[in-house]
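Participant: Here the protein sequences line up with chains Y and L, keeping their order.
Taken in order, the first sequence gives residues 1 to 283; the numbers are from this note's numbering.
Taken in order, the second sequence gives residues 1 to 237; the numbers are from this note's numbering.
Wrong hints could be hidden among the right ones.
Below, in silico cross-link-like pairs of lysine-lysine (DSSO-like), each with a Cα-Cα straight-line distance of 27 Å or less [what the hints assert, rightly or not]:
#: 1; chain 1: Y; residue 1: Lys-267; chain 2: L; residue 2: Lys-96
#: 2; chain 1: Y; residue 1: Lys-174; chain 2: L; residue 2: Lys-142
#: 3; chain 1: L; residue 1: Lys-161; chain 2: L; residue 2: Lys-149
#: 4; chain 1: Y; residue 1: Lys-52; chain 2: L; residue 2: Lys-96
Just so you know, the hints here were simulated from the structure itself, not pulled from any lab data.
Read off the chains here:
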Amino acid sequence: MVNDEIVNFGENRSICGIFTPSLGKVLNDKFCVIFLNAGLIHKVGPNQIYKKLAANFSRNGYAAFRLDFSGLGDSGSYNGTMSKSNRQTAEVGMAMNWLQENKDINQFILSGMCSGAKVAWKASLDDRRVIGLCLIDGVFADDQLLKQVGRNADRQLRIRYYKKHLFSWERWIKFFSGKSRLLSLKNILKKKQVNGQMSVDLSNNLTPWENLFKRKVKIQLIFSEGSIAIDIYKLTLSKWLNGENGLLQTILVKDVDHTFTPIWSQKYLSDLTMAWLKKEFEL
Amino acid sequence: MIHQFIGVDSRRLFSVYQGPEVMDHDGTGVVLCYPYGQEYIRCHMLYVHMANKLAKRGFHALRFDYYGTGDSAGDFSSVTVKESLDNIQMAIDELKKTYDVSRIILFGVRFGATLAVIYSRLHAIDALVLWDPVLDGRFYLKSIDQSYKNWLKGAFAKRKKKNNSFIENFGFQFSMELVNEIRAVNIGREKWMTDIPTLVLGANSEYWIKREDEFNKAMVPVYETDKTIDWLDNLLL
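Just chain Y, with the same shape it has in the complex (with noise of 0.2 Å):
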C-alpha cells in the first residue's frame, strides 16, 4: 500500500511491523487491526492473505498493523529468558502500546489464523485495550482438553475428508492399489482408540472466554473446512460458547483448505472479516 509504514519497536528496535492507516480518514484512525503471525509464515500471511485483508481494511476505513515476532520473519531474534507463548502475547502488548503512542489508537482488533489465532486470543485475555477478535482456525484448548479430545477431532476430520471425496475416482484407485491409508492398521487401531465415550472437562477452558464476554469483546471465529480447529471446536467450546449475548460470530467455509488457498476464498475471507468489522465496530 502506498501509505505503508515501517514500524520498529522492541529492544534493540529489533521488531518489525507495516502500519497500513486507513485511508481517506479526516480524523485519527479509531481502532486498528492487529495481524500475528500464523505459524513460521512472516507478516504478508499465509498466500499474502494478511497484506490483501490490510489493505482492504484500510479502503473501508480500518487501519492494519502487520507484525512479525522476534525471531520471525523481518523482526530480528531474541535473546531473552521468556517462554515463546509470553514473549509473543508480551510483544503484542508492546505493538500497541507504539500505536497507542504514536498513532493515538487506543482501541484494537486482534486477529491470527492457526497459531497467530491462539496468541492474539491469549493478549486479548488481560489486555483491556483489545475490544475485538477476529481468529481463524485458532484451536482454544488448553493440552489437557486436546489430549482427550485430539483423537476423536481428527476421526471427524478424516470422516469429512473421505465424504468429500466419495466420488472421486482418483481416490478410488488409490484405494483399490492398496495406497490409500483408511485401511492402515495404525488407523484402525486409531479408531478403536476413540470409539469409547469420553467425558470432556471443560472447566479451565471455558472462564477466559466468559471473562472477554464479560468485557464486551466482540468475536468471529471462521473456520475452514480443511481444519481440524473446527472438530476441537465443535467437541469442546462451540455447545457452550454458541449465540453468547449476540457477540459471538461463527463461521464454517466450506472448500477452503487450512490456509485459504484458491482466490476466491480469499476474496470471501476478505468479505466476511470486512462485514464483520463493519458491523460491530462502527467508525
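For this one, chain Y is given, so just place chain L on it according to the hints.
Facilitator: Same frame as chain Y, but now just chain L:
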C-alpha cells in the same frame, strides 16, 4: 538490520539491509532475489538466514520484495518480469549509493535465480549464486500447474471457476502478461558459461556445475555457502 522502503511512493519496495559484521569483504554486496508466488513464502526464512550468514561473513546483504510481492506496494496480480528486473536495479543502486558497495553479487532461488541470470546478461555484475534456477519457463509453468492440480485432488479446497485473464497457482494470481514473460524464459546450458563466477546449486545434477577454477575468483565464499546450506538442511529436517 535496517528496514526501509526504496523507490518512489506508488511503486516503492520493502527492503531489509544488513551491514557487514566483520570487514572481510568490505565493498561487496549481495542482493538476494526472491522467487515468485508460493515459493516466495516458502523461501522467506531461508533468505533471512542467508542474509544473516552473509552479514556475519562480512558482506553487505540486501533483501527486497519486488513490486507486487511481500511487503512492497502492489498486488501479485500486477507483477511482471520486466518490473522485477528494474527492481533488482533499484536494489543494486541502493547498495551502491547508500552503502558504498562497489562489487555486486546476485543470489537467487528458483525464479529468483532466473531473474538474477537474466539481469546479469543485461548488466555488469561480479558473481552469481543460483539455487535450483528455472531454466525453461514453459516447463516451470507446466510443473507448478500440475503440482497445484495434484494438490487440489487431495485437498479440501476447490477451485470455483476458471478465469482466462489469469492463472491461479497455490494462492497466487499470475497475470497473463507474467505468464507470457515466464513462458519466454529459455536459458540453454551454454549460456551459463559466462565470465562471471557462478555457483549453481540444485537437486538436479545436470545443472550442478562445479567450476573449481573459478572458486578463487568468486566473490561468494563457496565453502561458506555450502556450510550455510548444510546448516539449512539440518534446520529443515
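Participant: Assess, step by step, whether the Cα of Y:Lys-267 is no farther than 27 Å from the Cα of L:Lys-96, and give holds or violated.
Facilitator: 40 Å, violated
Participant: Run the distance test for Y:Lys-174 versus L:Lys-142: straight-line Cα separation, threshold 27 Å.
Facilitator: 24 Å, holds
Participant: Between Y:Lys-52 and L:Lys-96, is the straight-line Cα distance small enough, at 27 Å or below?
Facilitator: Distance ~33 Å between Y:Lys-52 and L:Lys-96 Cα, so the pair is violated.
Participant: So if I understand the rule, the pair passes when the alpha-carbon distance is 27 Å or less; does L:Lys-161 with L:Lys-149 pass?
Facilitator: 14 Å, holds
Going down the numbered hints, you'll see the structure goes against 1, 4, while the others check out.
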